[in-house]
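Since the structure of chain W is provided, determine the placement of chains B, X and R on it from the hints.
Residue numbers (our numbering), protein chains in the order written: chain W, 16 to 679; chain B, 29 to 134; chain X, 9 to 501; chain R, 166 to 663.
A couple of the hints might just be wrong.
Said to hold, decoys possible - In silico DSSO-like cross-links for lysine-lysine, where the CA-CA straight-line distance does not exceed 27 angstroms: (1) W:K597 <-> W:K609; (2) W:K40 <-> R:K645; (3) W:K389 <-> W:K181; (4) W:K89 <-> R:K192; (5) W:K131 <-> W:K478; (6) W:K629 <-> R:K469; (7) X:K457 <-> R:K192; (8) W:K89 <-> R:K645; (9) R:K221 <-> W:K181; (10) B:K120 <-> X:K121; (11) W:K40 <-> W:K131; (12) W:K131 <-> R:K542; (13) W:K675 <-> W:K181; (14) R:K645 <-> W:K181; (15) W:K395 <-> W:K478; (16) W:K478 <-> W:K389; (17) W:K389 <-> W:K609; (18) R:K469 <-> W:K39.
No lab work stands behind these hints, which were simulated from the structure alone.
Each chain is listed here by its residues.
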Amino acid sequence: MESNLIWIPLLPFLGFVVNGLFGKKFGPKFVSWVGALAPISAFFVAVGVFLHLSRAQGDGHAGALHQHVFDWIKVGDFTASFGLLADNLTSVMCLVILGVGSLIHLYSIDYMRGDKGYYRFFAYLNLFTAFMLLLVLGDNLLLMFVGWEGVGLCSYLLIGFWFEDKANARAGQKAFIVNRIGDFGMLLAIFLCQRYFGTIDTRAVGEACAQGLGGDTLLWGLDLATWISLLFFVGATGKSAQIPLYVWLPDAMAGPTPVSALIHAATMVTSGVYLCCRMMPVFEASPITLNVIAAVGACTALLAALIALSQNDIKKVLAYSTVSQLGYMFFAIGMGAFGAAFFHVVTHAFFKALLFLGSGSVIHAMHHEQDMRKMGGLKKQLPFTYVCYMVGTLAIAGVPLFAGFFSKDEILFAGFEQAFGEHPSSFAAVFWGVSVLTAGLTAFYMLRSVAMTFWGESRVDPKLLPSVREPGRWIGFALFFLALLAMFGGFLGVPEFLPIPFVADNVLGEFTHLAHGHGDLTEAQLGALHSREWISLLISVFVGLSGLGIAFYLYGPGKALLAKLVVTSPSGRRLRSWSENKFYVDEFYEFFVKGFHAASHLTWALIDQLLIDKILVEGTAAFTKGTGHMFRRMQSGFIPAYLLTFGWGALVLIIMLLLKDAGH
Amino acid sequence: MFSLTACLYLSAFLFSVGIYGVLARRNILVILMSLELMLNAVNLALVAFGRAHAVAGAAGEHRGQVFAIMVLAVAAAEAAIGLSLLLLIWRKWRTIDVRDLCRMNG
Amino acid sequence: MEELVFSRAEFEAVLPSAILFATGLLLLLMDTCFGDRDPNEDSSPKTHLVLTGVAGALLAFAALSVSAGDTSVRLFAGAMTDDLFGRFAAGIIILATLLTSLAAGGYLSGIGKHRGEFHALIFLGAGAMVLLAQATNLISIFVAVETLSLALYVLAGYVRAWRESAEGAFKYFIMGAFSSGFLLLGMAFLYGASGGSIQLADFGDGLDPVLGSVGTLLVIIGFAFKVGAVPFHSWVPDVYQGSPVLAAGWMAVAVKVASFAALLRLVMATGDSANMAGLIMAIAVITMALGNLAALNQTNLKRMLAYSGIAHSGYLMIPVGLALHEGSVNPKVLAGSLFYLAAYLVTTLGVFVALSSLKHGDRDCDTLDAIKGLGRRHPLIALAITLSMVSLAGIPLTGGFMGKYFIFRDAVLGGYWQLAVIGIVTSMVSIYYYLRPVVAMYFHEPSEKIEKVEAAWGLHLALGITSFGILYLGVMPERLVALSLRSVERLGM
Amino acid sequence: MNGLPILTLIIFTPAVGALLLSFVDRKNESVMRQGALMISLVTLLLSLVMLTSFDKSLGSYQFEEIQAWVPSLGISYHLGIDGISILLVLLTTFTMPLVFLSTWKCVTDRVKEFQICLLLLQSGMLGAFLALDLIFFYLFWEAMLIPMYFIIGIWGGQRRIYAAIKFFIYTMVGSLLMFVAMLWIYKHAGTFDLPTILASLQSNPMAREEQLWLFAAFALSFAIKVPIFPLHTWLPDAHVEAPTAGSVVLAGVLLKMGTYGFLRFGMPLFPDATVVFTPWICWLALIGIVYGACMALVQNDIKKLVAYSSVSHLGYVVLGIFMYRQANGADSVEGIVGAILQMVNHGLSTGMLFLLIGIIYERRHTRQLANYGGIAKVVPIYSVFFIIATLSSIGLPGLNGFVGEFLILLGVFKVEPLYAVIASTGVVLGAVYMLTLTRRFLFGPLVHEENAHIADVSAREIVYLTPIVVMMVWIGLGSKSFTDLVEPTVIQYLDLLR
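The shape of chain W in the complex, shown without the other chains (with noise of 0.2 angstroms):
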């Protein structure tokens, strides 16, 4: 099994080599089966690898499969193999990956069909997908970065893939450059690893903060643990579009929808959170580091769900309606509770890639356009669609028993339970709050464009509308698909309290060993547990519903939408146009940016072209010029004068001379 691992990864980038060499030679259709197949063929080795690891679960000797395929660097102290590593939280994302990305796959055959740039689509997947796997599984951090950078050079390249648009050329350059930032971060953990651990193997780095290793103070008063974990957040803010580093995401919508939901929404950017699991002995091992993440999860989380508010792109709403998710899961791990943000990865993977897709579908069918406020009433012509973009929009909204009620509502327990449990904390209960308000955002805007692009009058150019239906059926076959794991997938992680028959109780979280067991309570203490659960459950479906009601009631059917769209109090107004504006962040930016390069003209114009090379250079130049014409001068031609010189000159050395004798 263990020499199996490297089909994972080597499958998409088989795929990739083929399709990118011979695709265009061999016309799409060869490209769909060479494109499709090889994520489905890796799926199923994957497959294998999960049975493998769950049966050695089942015996009770939980292992990970590791493959070392060859030595990457070796240079001195430092050792980074090209090893693949398998444990059961590796396995299932792999799983995740493979299985969301193989729907997603056979989605784009129908979606892109007849673009110019087909094979190089399939290529580019493919090669995303080899790059995700590899991050997944490689068994040191530096192969993992190697992954990291690669989905971000597919994420780069897909964005960009219409580049003939100026503003996908952009957009996809403002992505490499932000997660650049994120990966300075990324790359000074990987340092300070190999010099205060002397290793970059995940496990021994992550033994090594268990040991207490990283207990050190570093600088500034904060401990090496700290600040590896701090810096791999950096890491993750820019991959996981966090506050500072997320305003690549939104603008990253400018790729083909698939990519939006294969990279932009189920897989790369969930990678910051499934580094935290991996790497969870680090963060766990800092408790200030978990604050951090805390505040900018939640943060981002509100931020997000308030800019998703207003928008009436369709894409853009489910971007930051990503972003806001994301902090959730960010938000989670900050709570220290690894296994419901890992959860909320997959059921979020499931929901979220099914959004998108729903949208792509609508999108594909409107003929490329995205603007709700030019759609509406489109349940007619797309029912299937509408169906399977309902079952997201509520899964999203955490109604009860859909995927995203359960991960969400273990987020917002483990929330609760710092605040408000054995160890009450204000700080854990402001973001708490925040988390709480958010879910309530969340499925107000989720309605929100349901109403907008399903319900109600259609506002769809009436020479379109005629040629507005179902898209082709492997989109279908692909959103049915989803559907479903989005309906059921939730079923992966019931806490225990939830008596659901036939279901075992957190199947993932024991699974991938990162849900931390109530087994040293008392019977009293798990009494309280679970009574705080069942409130905190409470307030979630409760919130997540009145979400959807209020939405319900401004946009629902037989309102006159547009009469809505204009909150009249003053406070209202100012706080959509900041929401519409996305609170200027954007332009906040661009400010640095523009002034960086303005200085950066500036010292080219002064340091570099006139101090260095006009002055002192030239300058050198011209003293020296100078120099030898003032001797020219001096050969007037006059033979007095040279005679004179020869006078001088004699009559001085003489002199010198006699002086020097006189010295003696």
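Coordinates of chains B, X and R only, in the frame set by chain W:
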């Protein structure tokens, strides 16, 4: 009658006059004469030294005098060249003022 | 009464210069006898003169090797010596003469100024130079210096049709005669200070301190004038510019060699009795600096090369100062000068011969503008000029580099690293102007019509020899270095 | 090597080839082109033959050749190769055939001279990498300026004369002072032979003061060549004006002379001075990294942009070289090994960028970014190559640039974490300017009508671009087979710096 020192002073005086003449005069002919004067001033010194050494009995082979005669010969050849150059200058430039000869400079 | 016979050693010693003089006279005779009154005569290659000259030079060169070897013997009652040092210098002079006479036919006929006396003059001058390199008493030195000077004055004014030529020659003459006065005065002082000796060997100890050192200085000034050291350099640019380019090349090399040979002998004889080293080094420094700086903006190639020649005199002065270092006399470092002069021979003659193979109507092709685009027109000539320029600039794999290396190495080893640094810094400056002809030849398109002289086989042969020499000395310098080191082991006085 | 003077063969094959070519009739241009290519391929083959018998477990010089050359002046003909130079030699022999191939179409004027210049340049570079005698090294160091000078001056762009002279004089200024310093070492050690000097310095070290001056002289020379800020202003001019082949050689190989010089000569000869100068040089390198990146950001000329990026990239190399010892006295080989690898990487990536710029310049005769945009649609294969080169340049993991950059930063981090943090900002900035270049160059709408019919890369161009891509991936994934060549030498080398 004359001491060596006196002769040397005379020689030095003549040499200086020669230098002055070369430096200060414009007329090429006069400059040539001044140059001759410089050489002959040295001749005087040579002869004086020779005589002094001979009197001192150091090496009485009159090397100074021989030297002076050689110098005279050389000076004659030099004058010949000088005058023919002067002729050339006159033909090409129509001047015998040294200050006019400054076409090349810098 | 002794019989008036030459010893064998004396015969061998004068043989090279005698051959040169004889060749010079023969050339004059041939020109008179075989010259016809053809109006186009001045444009004919006159191959017989060239061949005679080449043969004479070869003979003289062969005569150099007929020698007793390394012994330094005093001959002709001390008037001259026959040592390896003298022969080394004579060898360079004769080679320069050989190359010049080889190139002269094509060049002079090209510009329509071919007269027999050119050949005669360089041979007579060369004879005097060889004598100067071997002279060991004041009279023989003086006579040799004046003889070669007279030849040079005439050569400088060789082209009577050019006003510059007359001007240069006349400037040279006046200043030369003026400096002769100083030289002679110095000699008189030395004679006086030594108590009646005119023999170099007697000028060591026991010289009257003041008279002796002033005398030495004056003689040094006389030679400094000849090699064009600052501040006695003023004639150099004007004379080079006025002279026919080939004559300028010959002068640049041969005069330097002969004068330096005599100068080295003199300072070795007088020693550092009065801290002459400091003065010589001062001269070296300002010579390097002024020569290189003044050359920067020149547009006339002959003039630029003249300043470059001044600068090279500065480099050549360094070993002279080093040899006198701290009161003791250390002739070993003079080897640097000898080697440098040899490298200078091929390098400088390389440029001048290359320029001689071009013409511009009946004028020299001697401005930067005139050689524009030469790399396209006549690539081989351009290549030869480039090679020479690179060597002059002291860039490796050329003789010029090895020479500079030799000298700077001795300076550093002798503890005068400052001199080396100054030398290096001035070399940096020089690179700029040495590159200018290269820029003109290769980086510009041809703008003016450059003609190549006809009947240029001699020129090309000479050019081939110099180019080969530059590379040979740059790549395989060992034999010549060893020879130069052997040459200075024992100087005859 | 069975007594075969393989290093001599490697060095002089191009020179002899140049000599042979000089006898070919200048009208016979295709013979000239193919001949030069063949000669460079033979050289490549020779270097590969050498590689096969190179013992990578040894840290000392191999295939040494010592001959008295000018014994009277103390110069010897001493060649040798070790881990420090082997990659650079291979880089040189690898690059040159590609360069020759790239010039087939774009150099049409004075083809003969061009090929000869390039061949001589190759000999000069190889000689400088292989010489172990100071003066012998100096010969090659200077001699290779001349062909480069001609390449820029004759076949260059508008301001080629200015650029050529600037290049020449700038470089000369540094190296002449180094020359005096070499003479000083000779005075101290009595020889120019590097191993002998190093051995004698162990027992008879130079005074500190002396070392400082001499190191400064050496460092100036190498710093100009690298170039280290603020001595870099010749580079943009030289790059912009040089023809493609010149830029490729300049960026690909010539710039490494400086960093190589530090490694081979500057540091081991003056260990004490190195310690004193390290912070200064490192700060300059850091400034260079950031400064070069900022300058690259605001350039409109593609070549100038890449030139400034070289300033930034070479800053890493310098930094890696000097961060070789930790505060506790333990050696850190990662920095130097990474730096050596990065020299190769920079050669490949920047070389490839220049080749690509040359290809487009050949077709459109402009290097202004404003004249491009959206050409990815017109020249897709070209764009793929360009993006790969860009990614290599910005250090994407999996390609070559990353490994070198990472090792350097890792080594630096072990020694001076602050330096590594500052240097890492260059990684971000590198992405900024390179991606901006790519975007403005390849992406966006096709605004200029005249770009609509640019021909995509030809088969010949693919032939010379592909080997570079292969090497990029090979180094990126199989860096161990490269670092293994270097590491034993570096370990032994660091003992010298005690």
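**Prompt:** Is the straight-line distance between the alpha-carbon of W:K40 and that of W:K131 27 angstroms or less?
**Reply:** Satisfied, since the Cα-Cα distance of roughly 13 angstroms is no more than 27 angstroms.
**Request:** Decide if the proposed pair is consistent with the structure: R:K469 and W:K39, CA atoms, cutoff 27 angstroms inclusive.
**Result:** Given that 27 angstroms is the threshold and the Cα spacing comes to 35 angstroms, the pair is violated.
**Prompt:** Between W:K395 and W:K478, is the straight-line Cα distance small enough, at 27 angstroms or below?
**Reply:** holds, 17 angstroms
**Item:** Distance restraint between W:K389 and W:K181, which requires alpha-carbon spacing of 27 angstroms or less
**Value:** holds, 24 angstroms
**Request:** Compare the distance between the alpha carbons of X:K457 and R:K192 with 27 angstroms, and conclude whether the hinted pair is satisfied.
**Result:** holds, 23 angstroms
**Asked** Does W:K609 lie within 27 angstroms of W:K389 when you go C-alpha to C-alpha?
**Response** Given pair W:K389, W:K609 is violated - Cα atoms ~35 angstroms apart, limit 27 angstroms.
**Request:** Decide if the proposed pair is consistent with the structure: W:K40 and R:K645, CA atoms, cutoff 27 angstroms inclusive.
**Result:** Roughly 36 angstroms between the alpha carbons, so the hint for W:K40 and R:K645 is violated.
**Request:** Could you grab the alpha-carbon distance between W:K478 and W:K389 and see if it respects the 27 angstroms cut-off?
**Result:** holds, 12 angstroms
**Request:** Sort out whether W:K181 lies within 27 angstroms of R:K645, counting only the CA atoms.
**Result:** violated, 41 angstroms
**Prompt:** Is W:K89 within 27 angstroms of R:K645, Cα to Cα?
**Reply:** Judged against 27 angstroms, a Cα distance of about 6 angstroms means the pair holds.
**Item:** 27 angstroms Cα cutoff - pair W:K89, R:K192
**Value:** Violated. W:K89 to R:K192 sits at ~52 angstroms, over the 27 angstroms cutoff.
**Asked** Is it true that the CA of W:K131 sits at most 27 angstroms from the CA of W:K478?
**Response** At roughly 26 angstroms apart (the allowed maximum being 27 angstroms), W:K478 and W:K131 satisfy the hint.
Hint check: violations occur at hints 2, 4, 9, 13, 14, 17 and 18; the rest are consistent with the structure.
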